[in-house]
Amino acid sequence: MNRVEFIKELSNHLAYEVRPSEVHRLIEYYDEMILDLMEDGYSERAAVKKLGDPKQLAYEAAGIPTEVKVPRRFSWLWITLLILGFPLWGSLALAAFLVLLSIDIVIWCIPFTGACLAAGTIIGGVAAAFTSPFVLFDSFFMGVTQLGAGMFLFGFGLLCMWLTYKFSAVFMNMHRSLMGIIRRNIFQRKVVQV
1 MNRVEFIKEL SNHLAYEVRP SEVHRLIEYY DEMILDLMED GYSERAAVKK LGDPKQLAYE
61 AAGIPTEVKV PRRFSWLWIT LLILGFPLWG SLALAAFLVL LSIDIVIWCI PFTGACLAAG
121 TIIGGVAAAF TSPFVLFDSF FMGVTQLGAG MFLFGFGLLC MWLTYKFSAV FMNMHRSLMG
181 IIRRNIFQRK VVQV
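Going by full-length UniProt numbering, the first residue of the sequence shown is number 1, and it counts up by one from there.
Some hints could be false.
Unchecked claim - Taking lysine-lysine pairs in the PhoX-like style, the calculated list, with each CA pair at most 20 Å apart, reads: (1) Lys-50 <-> Lys-8; (2) Lys-49 <-> Lys-8; (3) Lys-8 <-> Lys-55.
Quick caveat, the hints were computed from the structure, so don't treat them as lab data.
Using the sequences and the hints given, assemble the complete structure.
Structure (structure tokens):
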């Protein structure tokens, strides 16, 4: 990368991190550093390479802490203890996982029950309304009652379906928050700030 490309990339990264007056001052500073390194005998590309990554320089100028992954070192003692303790900690980890899974299943049982109730009442209402003319031949009062009950069941089923649809967003948010907790506490790697 040459000097112009470095300055353009640095200004792009700085534009999101610091004030415009600071951007101009920092660009002049790093441009002067490149020119000084070139006067000391470095080529243009070597001088740019010596300064480092423009994104990292922008983060340092903005005061954003950088994250450094610290490698873990396992000793043979720890590995042996982990293997020997697996029956204990493995069963506890499995129990914790199954508790979280059961919480998620319970979260989804409520919308599933609402959907089953809606489907059953809609189907029952349609069946009662369509079979009411056959009952009218036997008894007028029974036919009208069955038609009214069928219409009521159909309307109640539509109401249950609408409520299930509206409340499923709440249950979806509960599911996402539970999965976020699991992801944040179990699967996300920790980093150390410098």
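Here is what the structure says about each hint:
For the hint linking Lys-50 to Lys-8, the alpha-carbon distance of about 17 Å falls within 20 Å, and the restraint holds. With a CA separation close to 15 Å, the supplied pair Lys-49 and Lys-8 stays within the 20 Å bound. A threshold of 20 Å between alpha carbons decides the hint, and for Lys-8 with Lys-55 the separation of about 11 Å falls inside it, so the pair holds.
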